[in-house]
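Using the sequences and the hints given, assemble the complete structure.
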Amino acid sequence: MHAFSTMRSLAAASLIVCPALLGTLPAVHAQDVTLEVWSHEADEPAKVAFRELAARSLERAHSGVKVKITWYEKNPLFAALKTALPAGKGPDVFYLEPDQVEYISAGYIIPLDDLVNWNNIEPWARKVWTHNGKTYGIPQEAYTVELYYNRDLLKKLGVALPANAQFTQAQFLDLVKKARAAGMTPISQGVGDRPYPGAYLTVEALLRKLGPDDYQKLFTGKLSFADPRVVEVLQWVKEVVDAGAYPKNFMTLKLGESHYYFYTKPGALLLPMGSFYTGRAFVPEDKGGQPPDFPLGIMQFPAMDRGACNECKTSTIGASFAINAASKQKQLAAEFLNAMSTPQMGKMWIETVYLQTGIKADVKSFSGPHAAYFTELMERQKGEKYFIGQPRDMVTGECKDTFAQVLNSGFPGGLLSVDQAVGMMNKACYKG
Amino acid sequence: MFGSAGRDAAKVEIDARRGGLGVLLAFLAPALIIYAGFTIYPVLRTFYNAFHAIKPQGVVEFVGFGNFTALLLADPVFWKAVTNTALFTLVATIVDVVGGLLLALCLFARAPLAPLLRVIWFTPVLMSYVVVGILWVWIFDYDWGLANASLRWLGLGALEQSWLGQPSTALWSVLFAHEWKWLGFNMIVFLAALHALPAEVLGAAELDNCGWLAKLIYIIAPMLRTTIVNLMVLSFIGKMMVFDLIWVMTGGGPLWSTETVSTYVYKRAFEWNTFDLGYPSAIAVLWFVIILAFVAIVTRALRQRDRLEF
Numbered sequence: 005m006h007a008f009s010t011m012r013s014l015a016a017a018s019l020i021v022c023p024a025l026l027g028t029l030p031a032v033h034a035q036d037v038t039l040e041v042w043s044h045e046a047d048e049p050a051k052v053a054f055r056e057l058a059a060r061s062l063e064r065a066h067s068g069v070k071v072k073i074t075w076y077e078k079n080p081l082f083a084a085l086k087t088a089l090p091a092g093k094g095p096d097v098f099y100l101e102p103d104q105v106e107y108i109s110a111g112y113i114i115p116l117d118d119l120v121n122w123n124n125i126e127p128w129a130r131k132v133w134t135h136n137g138k139t140y141g142i143p144q145e146a147y148t149v150e151l152y153y154n155r156d157l158l159k160k161l162g163v164a165l166p167a168n169a170q171f172t173q174a175q176f177l178d179l180v181k182k183a184r185a186a187g188m189t190p191i192s193q194g195v196g197d198r199p200y201p202g203a204y205l206t207v208e209a210l211l212r213k214l215g216p217d218d219y220q221k222l223f224t225g226k227l228s229f230a231d232p233r234v235v236e237v238l239q240w241v242k243e244v245v246d247a248g249a250y251p252k253n254f255m256t257l258k259l260g261e262s263h264y265y266f267y268t269k270p271g272a273l274l275l276p277m278g279s280f281y282t283g284r285a286f287v288p289e290d291k292g293g294q295p296p297d298f299p300l301g302i303m304q305f306p307a308m309d310r311g312a313c314n315e316c317k318t319s320t321i322g323a324s325f326a327i328n329a330a331s332k333q334k335q336l337a338a339e340f341l342n343a344m345s346t347p348q349m350g351k352m353w354i355e356t357v358y359l360q361t362g363i364k365a366d367v368k369s370f371s372g373p374h375a376a377y378f379t380e381l382m383e384r385q386k387g388e389k390y391f392i393g394q395p396r397d398m399v400t401g402e403c404k405d406t407f408a409q410v411l412n413s414g415f416p417g418g419l420l421s422v423d424q425a426v427g428m429m430n431k432a433c434y435k436g
Numbered sequence: 107m108f109g110s111a112g113r114d115a116a117k118v119e120i121d122a123r124r125g126g127l128g129v130l131l132a133f134l135a136p137a138l139i140i141y142a143g144f145t146i147y148p149v150l151r152t153f154y155n156a157f158h159a160i161k162p163q164g165v166v167e168f169v170g171f172g173n174f175t176a177l178l179l180a181d182p183v184f185w186k187a188v189t190n191t192a193l194f195t196l197v198a199t200i201v202d203v204v205g206g207l208l209l210a211l212c213l214f215a216r217a218p219l220a221p222l223l224r225v226i227w228f229t230p231v232l233m234s235y236v237v238v239g240i241l242w243v244w245i246f247d248y249d250w251g252l253a254n255a256s257l258r259w260l261g262l263g264a265l266e267q268s269w270l271g272q273p274s275t276a277l278w279s280v281l282f283a284h285e286w287k288w289l290g291f292n293m294i295v296f297l298a299a300l301h302a303l304p305a306e307v308l309g310a311a312e313l314d315n316c317g318w319l320a321k322l323i324y325i326i327a328p329m330l331r332t333t334i335v336n337l338m339v340l341s342f343i344g345k346m347m348v349f350d351l352i353w354v355m356t357g358g359g360p361l362w363s364t365e366t367v368s369t370y371v372y373k374r375a376f377e378w379n380t381f382d383l384g385y386p387s388a389i390a391v392l393w394f395v396i397i398l399a400f401v402a403i404v405t406r407a408l409r410q411r412d413r414l415e416f
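Sequence lines, in order, name chains A and B. In my numbering, each number is its position in the first sequence, counted from 1, plus 4. In my numbering, each number is its position in the second sequence, counted from 1, plus 106.
The reader is advised that the hints may include incorrect statements.
[As the list claims (entries may be wrong)] These stretches of chain B come out as covered by chain A in the derived footprint (C-beta under 8 Å, 3 or more residues): (1) 238 to 249; (2) 320 to 329; (3) 357 to 363; (4) 366 to 380.
By construction, these hints were calculated from the structure, which means they are not laboratory data. The beta-carbon is built from N, C-alpha and C at its ideal position, and this holds for glycine as well.
Structure follows, in structure tokens:
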């Protein structure tokens, strides 16, 4: 009797629980396939539209296929990936950046050499994702590190931009002092939510002073920060900082806020930023974009005295996509990557995102409201030698953390002397 | 309609306490499975990870106490984080308890506008730490923040500074924001405890011409001892694990001046370009043991030996 009642209770519980559980599951048909994609840049409408368009395009080409893109902000995305992938889970395709080599060494993403149509990708962009002869990510976003300025404010200071758009280091320091004396904020920059923008001025100066080879050695632990050339650059940056280059709220100002600070309130003379500047600036003004008549200009970072490569410039790959090694539909995932990487999509990227790309795109002339900007951006690339990658692509672990705390915030924030910065960077990064 | 035998049978059917092991398991299983999956397993896994190095391609290597030795002997950031966490915990616990008690006494004494003050003081408790963090980052902003604007308005412009941008003020600024949010919680708990005190004891003290300070020290505080100890322990545990407010306001900077053990664990786990959860797990395990030991010591030290009767 007791056993019977127990069984009846269990059966009753099952009757309640099972339909409830089944009700949560979608009806699955044999031909239905869902490709899961996790992407960063939820707050950039042009990029969202671009990737959603590729998703719909793939769905049209394959009946029964659904591409589900989950939109994240960067940090939550990587936190989710770092827990999902070791458990053999996660999406089929996900957003990644080239500095995240740990995904390759851990075997969580697969080589794409035989899966993707590389004819549509710029070889230099592919190289960024090539490790030990294999390519692991498809480079979508490319950008250069630029020095934006407000033409009207520069004119107001009575300073003319040289023909090559590049001040010397002494002229640049003088410009900063003039701007501060005129009550302007010379450089809009903040490190409130990113581990790199505060270091733009320093690392671009280091690149020009040292040249690409020694610059790479510096951030791979093979060259000491006590090298006299490095110390010279840091001393110059210290002078710029002490001249009041950065806003007083440098430490808490966020990346998006630094854009607004530059072009709207209170306004600043300069903004060192990746050319992904457009993602925030070229949206309607009521959504935080720059005013339509904002006098935006682009100059080169200053030339260093006895610089080994004053025509050098940082170019790198940002947004990229990789395929999860645990994905059960790798071929379909690769087709999604191909759908995002056609020449037509490359053209669309440039025309709607206003940013360079690793996709081959035949754009001979620019039209639309920001054509002049893109023409000037291309002008600033003429004769430049590119160093592909940024320090944060080269450093890991303790060195990466120290880079964020010292070169990104403490040193440009005026909290450290040159000697202290050299000592801390060497302790964390130099392996000599 | 039913005979007595029938009524007894129906009773057996509906009495859950006589349901037997199967029924108990059927109803307990969902909760147990969730508890085991989301609490027990992660804790055990963290302990396991702490003694291993988790290498690429799923390779797990036993390292014994290697992770613990490294963090105790060769990791200055860990010790910086420990110092900051200890300072934050000590100061915040004292301010939480003493401040909460003072606010509660103010309301208990029916200060003018007490109902309004109760709402004002308690409202921040209802806000999430993320919202509070963003709010206070704005208040502490150098250029347009309320803190510096108030100083300028008061003619104290010389004192304005980058509150979150200076190592000397950043931790204290975060602490201030924390107290703004959390004091109201302790106030409500103390207020409830004060209202539960026997009126005749307080009345007798007043009849004996006992002053307010003496009443607080010799009558009220001893009778609130259990509440004080509980709030201290809860506060202590919460502060030792402080993460969200720091993360939102400073991210551990500038120059690690607000780095806490929890923010450091997160950074080591998710921001160091590694999938090795061994080292961060070792920090988490060590910190768990330290918290457990401190809670045991504090509870034992403050335990009431003679139960008050009232």
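#### Entry: Hints violated by the structure (numbers, ascending)
Hint 2 contradicted; others consistent.
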